[in-house]
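*Asks:* So the chains spell out like this:
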Amino acid sequence: METLQYILRKLLTGIPLLLGVTFISFLLMVYFGPDKTYELLGKSATPEQIEEVRHQLGYDRPFIARYGQYLKELATMDFGHSDSTGEPVSGLLSRTIPISLALITPGFVLGNLIAVLLALVAAYHRSSWVDRFIMGFSVVGMSISFLIAIIGFQILLSSSYGLNMFPVRGWNMSTVGNYLSYVTVPTLATVFVSLGYNTRFYRAVIVEEMTRDHVRTARAFGIPPARIFYKNILKNSMIPIITRVIFSIPLVVISGSLLIESYFGIPGVGKVTFDAITTGDQPVLKAVVGLTAVLFVLAQLLTDILYRAVDPRVTLK
Amino acid sequence: MHSRHIFRVLLVVVALQTAACGGDGPAGSSESIAGLKVYRHAMDQAPSTLDPVQASNIYANHVALNAYDTLFSYKYLARPYTLKPNLAAGFPEISEDELTYTIRIKQGVRFVDDPAFPDGKGRELVASDFVYSIKRQFDPAQLPNGTWLWIGRIVGLDAWKEAGSDYSVEVEGLRALDDYTIRIELKRPYPQLLDTFAQGYSAIVPREAVEYYGKEFASHPVGSGPFKVISYDTAKIVFERNKYYRQEPVDIWYEGYDPETQAYTGVEAIDGRSPPFIDRLEIDFIGEDAARWNSFTKGNEVQFTVLPNEQVDQVLSSKHPVTFKPEYAEKYNGYDVVEAGFVFNAFNMDHPEFGYRDDPVEDHRNKLLRCALIKAWDWQARNESFYFGLAKIYPGIIPPVVPEYDPDLSRDSVIRDVAESKRLLAEGGWTKENLPEFVYGSTSGIKTRLFFEQIRSWFKEVGYPPEKMKHKQYATFGDLSKAWRNSELPYVAKAWGLDYPDAENTLQLFYGPNGTPGSNDANYKNPQYDALYEQSAVMRSSPERTRIYRKMNRLVIDDCVAQTGLSRTRIFMWHKNVIALPDRQIVGGFFLKYVDLKTDDADQAQVN
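Chains as they are written, first to last, in my numbering: chain A, 265 to 581; chain B, 16 to 623.
Isolated chain A (complex conformation) (with noise of 0.2 angstroms):
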């Protein structure tokens, strides 16, 4: 009960918060952002024609009757149709969500998992040659860009110079061997790059764990260090792992890897919201911005939730 009533309150809350991102974002990114008339103007244009199109596109209506009209479409989840491609922006996101979510998925699970293994290996070897070892691995994987992962990967496994083993693009989820088949190689080099960030920020954490006093009291205590790396360091150490990784999910959602997305021909949502942002389709801008904040509203909500039931001592209230 304390729980539902915590979510609705904050469900309550955010609504403010929502308003105040759609108006910020709303403002730069729609009213002041790319205008899509000179993109649909032909090689040649007269003023009236330039008039038309801004017509068309209601770019001659007052901020005000834009931005209720941007409120009624979050409201209803109905933005329109793409300026570009006429397609419905809901079926359009509707369509490429999934395949971003099945694309970039393993790649966020595995880089934050394997990540906290690493992290919890190198600070139970804190200062030893295996903690230098993993910690120079994090910062090779940190001194690398994605762009040179991804060529780099791309030319090793799949290339005719390299192994030659999985396609160099595509994607195909008919099959769970299909799917394996695309999405291995995105996979390995988002785990390449993430694993760098991830694994520091998570040794720190569980480095400043370990030096509490009740973990010192239960090493006295003769408890094995096993259960003392679980329960007394793990578990405790949620909190920040929580909030970066939920925090992470509205951005997977929404942006997808548009770096991925183009360089392996996955039509996904990342490589839609960035023809969106370079063309200035604002029907579909408008709804990744507002879906984006109603994630993290949504995430901010889930991250509380979580908090409470890795930490008892904190209250919902």
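The hints are simulated quantities; they were obtained by calculation from the structure and are not laboratory data. Some clues are possibly wrong.
Said to hold, decoys possible - Derived lysine-lysine pairs resembling DSS-like cross-links, with alpha carbons at most 30 angstroms apart:
(1) B/230 / A/336
(2) A/307 / B/437
(3) B/485 / B/437
(4) B/437 / B/462
(5) B/475 / B/462
(6) B/346 / B/591
(7) B/497 / A/307
(8) A/307 / B/462
(9) A/307 / B/230
(10) A/307 / B/313
(11) B/313 / B/447
(12) A/307 / B/509
(13) B/202 / A/307
(14) A/307 / B/487
(15) A/307 / B/99
(16) B/540 / A/307
(17) B/447 / B/540
(18) A/307 / B/566
(19) A/307 / B/447
(20) B/334 / B/407
Given the coordinates of chain A, work out where chain B should sit on it, guided by the hints.
*Replies:* Relative to chain A, chain B alone:
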């Protein structure tokens, strides 16, 4: 124990995702296709729309022309490009005054099956479909961008738009006399009219599909072209053969086949057969050169690419002429082609910093400044730095791809001369103190930044203070285009792709009445030039017209309006088992219907 648990969790995640997203993947995966001839093409950019009414760029045109028909097209193999009837039954009857065109179209041509039609069965394409398709270009609700081709040209069409674009109202100069005859009446002769009917803008769409799909028509093509779209997304488009496509055996000799230069393509194999020859056409949109090259060289993915700049040294054994190293020549066919278009930089004559001034003395000083900056420009260095020395540099605005090009024109205007540049600046009294600020506008990016830095170094050498040279970057091409259209930039750096193989298409870029927001971004206004343009605009191709064109070209050079020009050379490469002569300009996507695969490759597709 833990790792086993994690593995199980991962398996569940994979299974759930597969179930959730389920169904077939994008229908482009040739692995799943058995017994079909599948050709995988690659383009370096995705089309923004498939609706012909907005097919304004090379990418949209390339794709749309495979789903739709146009009245005319260009011969597959003939160079220079030569117009031929496509959906038209022949060339039109043209009245003596060249104001009335009567075009007959082929009978029995059908649109593809689609839910937009009753019972989902495609109906016959008739003359009124063409009339409707052109009318759409004058309907603001369709957001057309090909209007400029016919504005002020066809009797009654502009008035029809002003009256509200009511499709039930007939346009006097654009009528279907019967199901197979089109009558067009012009206000004045328009020699390029038939060329405009070879472009994606004039592709023929059925009205019921436009109304059935509404805005979604832009991603749901319903045409009568050689292929039918079966899926389309940001990564690729997949077509299948249009089973209703008319049977018209190819005569390669009529198409301009030259055995001496084209035998290596294997196109003799298609002689006497009716296209399309492939069952399935897939076009991958791959913006990243590295990814496109990896996919191309992999062997079982895309079968065509434009050679990326980064691979030029790796692949070519010589640049003049272009030849491949043996290991590439063994696996791939290829050829180099000068683009149908050009790169140029024009001074915006409406800006007093470099352009027109009311005071004749100041006006002359500005001309000296422009001429000095043209002399400071180094096309050869630009070519070597960014185009691997493969581009073609020439004076003026008539590119080599059109028949009116003058190979004997003096090259003085494209040869760097630092001393002469300094002399001109001194003659105009230009010093470091009084030189105006030079603003170079471009989209943001590393390449444009490098362009700017190169220009800055050239101009610095003739005494232009580097601190007076600014790079103004725009986030999107639309924003840059807005700046051009609103005449905000004093200097316009751009590229122009020819719409048709006639120098009129580039000469109109400097015609006074086409000033911004029209295509004359330079806002060049020279009464003599304009008079010559108007005189030649109604003339058919002839030595006299060529003479006028070249005179106009000379005026642009002499007035020091632009640093021009350079036409890039592209090197097309395709797998040896593909029978084709690829192209991406003028002929555009038309060539894809002639692509065939050698039989053993069809077998290979089955194996895959």
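*Asks:* Hint by hint, note whether the structure agrees.
*Replies:* Hints versus structure:
Distance restraint check for residue 230 of chain B and residue 336 of chain A: the Cα-Cα separation of roughly 21 angstroms lies within the 30 angstroms cut-off, and the hinted pair is therefore satisfied. Between the alpha carbons of residue 307 of chain A and residue 437 of chain B the distance comes to roughly 36 angstroms, so the proposed pair goes past 30 angstroms and is violated. The hinted pair formed by residue 485 of chain B and residue 437 of chain B meets the criterion: a straight-line CA distance of about 21 angstroms does not exceed 30 angstroms. A C-alpha spacing of about 28 angstroms is found between residue 437 of chain B and residue 462 of chain B, which places the hinted pair at or below 30 angstroms, so the restraint holds.
Between the alpha carbons of residue 475 of chain B and residue 462 of chain B the distance comes to roughly 20 angstroms, so the proposed pair stays at or under 30 angstroms and holds. With a C-alpha separation of about 6 angstroms, the suggested pairing of residue 346 of chain B with residue 591 of chain B holds against the 30 angstroms cut-off. At roughly 12 angstroms between alpha-carbon atoms, residue 497 of chain B and residue 307 of chain A fall within 30 angstroms of each other, so this suggested pair holds. Only pairs whose Cα atoms come within 30 angstroms are accepted, and residue 307 of chain A paired with residue 462 of chain B is accepted, the gap being roughly 23 angstroms.
For the suggested pair residue 307 of chain A and residue 230 of chain B, the alpha carbons sit about 22 angstroms apart, so the restraint of at most 30 angstroms is met. Pair hint residue 307 of chain A plus residue 313 of chain B does not hold up; C-alpha atoms about 38 angstroms apart against a cutoff of 30 angstroms. This hinted pair does not check out: residue 313 of chain B and residue 447 of chain B have alpha carbons roughly 55 angstroms apart, beyond 30 angstroms. Proposed proximity of residue 307 of chain A and residue 509 of chain B is supported: the alpha carbons are some 12 angstroms apart, at most 30 angstroms.
A threshold of 30 angstroms between alpha carbons decides the hint, and for residue 202 of chain B with residue 307 of chain A the separation of about 22 angstroms falls inside it, so the pair holds. Between residue 307 of chain A and residue 487 of chain B the alpha-carbon distance is near 22 angstroms, which keeps this suggested pair within the 30 angstroms criterion. Restraint check for residue 307 of chain A and residue 99 of chain B: satisfied, since their Cα atoms lie roughly 25 angstroms apart, inside the 30 angstroms limit. At roughly 19 angstroms between alpha-carbon atoms, residue 540 of chain B and residue 307 of chain A fall within 30 angstroms of each other, so this suggested pair holds.
Restraint check for residue 447 of chain B and residue 540 of chain B: the C-alpha separation of about 29 angstroms stays at or below 30 angstroms, so the hint holds. Of the supplied pair hints, the one linking residue 307 of chain A and residue 566 of chain B holds, its CA atoms being roughly 25 angstroms apart against a limit of 30 angstroms. Our distance criterion of 30 angstroms between C-alpha atoms is broken by residue 307 of chain A and residue 447 of chain B, whose separation comes to about 37 angstroms. Proximity of residue 334 of chain B to residue 407 of chain B is assessed by CA-CA distance (about 12 angstroms); at most 30 angstroms being required, the pair is judged to hold.
When the structure is compared with the earlier hints, violations turn up for hints 2, 10, 11 and 19 and for no others.
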